[in-house]
Amino acid sequence: GAVVSQHPSWVICKSGTSVKIECRSLDFQATTMFWYRQFPKQSLMLMATSNEGSKATYEQGVEKDKFLINHASLTLSTLTVTSAHPEDSSFYICSARSDQETQYFGPGTRLLVL
Amino acid sequence: GESVGLHLPTLSVQEGDNSIINCAYSNSASDYFIWYKQESGKGPQFIIDIRSNMDKRQGQRVTVLLNKTVKHLSLQIAATQPGDSAVYFCAERFTGNQFYFGTGTSLTVIP
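These protein sequence lines map, in sequence, to chains A and B. The opening residue of the first sequence carries number 1 in our numbering; numbering runs sequentially from there. The opening residue of the second sequence carries number 1001 in our numbering; numbering runs sequentially from there.
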């Protein structure tokens, strides 16, 4: 299947700092990318959907000024958690979809805010 | 609708037995479904998909069954192995871009 990477895998940061997570589709062009967060023992929660070159569509309850998403190219989307606080600690997962239907997921980024 | 943060149901099976994982989806208009496997600390991994015009699809050791009448999806794993231990999610596509995920089921294979 298609390969999606995320960087970094782990982030530990102090409260108040901003953290950028990259999501790349390595062997296909992703017209749409999705960002999810996941708490331990829980399901994936969709945060936002982004299409290349346009603004992201955020799910209800997700602060767009808090979670900045940039889908700059067909192979790269970034999620920036601005002024991170301990409650933002979570597992952030991106997925990418080409013109085909299937979403392929990245390996996830674990964020720990102290 | 969209999955919320519910705690995962669990399923334990003996190695070599068949596993059946169930999923109830929410939208009768959903036209495409995917099963994902997620191992601890990793991102979800595609297992198998099925379109709404099908009732059954088979892969290697896995079979997905779709019952549109009751909006039910199941994943059958034959001869379950320890490496199958993971959380399994179903996902439904409601609109062109939107996928919604089930709560997931944690499968534990007992050697």
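One or more of the hints may lead you astray.
To be verified - Short derived list, chain B residues pointing at chain A, Cβ under 8 Å: (1) 1029; (2) 1043; (3) 1049; (4) 1089; (5) 1094.
Unchecked claim - With a cut-off of at most 25 Å between alpha-carbon atoms, the simulated PhoX-like pairs for lysine-lysine come out as follows: (6) A/64 - A/14; (7) A/66 - A/14; (8) A/14 - B/1071; (9) B/1056 - B/1071; (10) A/55 - A/14; (11) A/66 - A/20; (12) A/41 - B/1042; (13) A/20 - B/1071; (14) B/1056 - B/1068.
For the record, the hints were derived by calculation from the structure and aren't laboratory data. Everything numeric in this text was worked out from a predicted model, so none of it was measured. Glycine included, each C-beta is placed from N, C-alpha and C at the ideal position.
Item checked: Hint check against the structure, violated hint numbers in rising order -> 1, 5, 8, 10, 13
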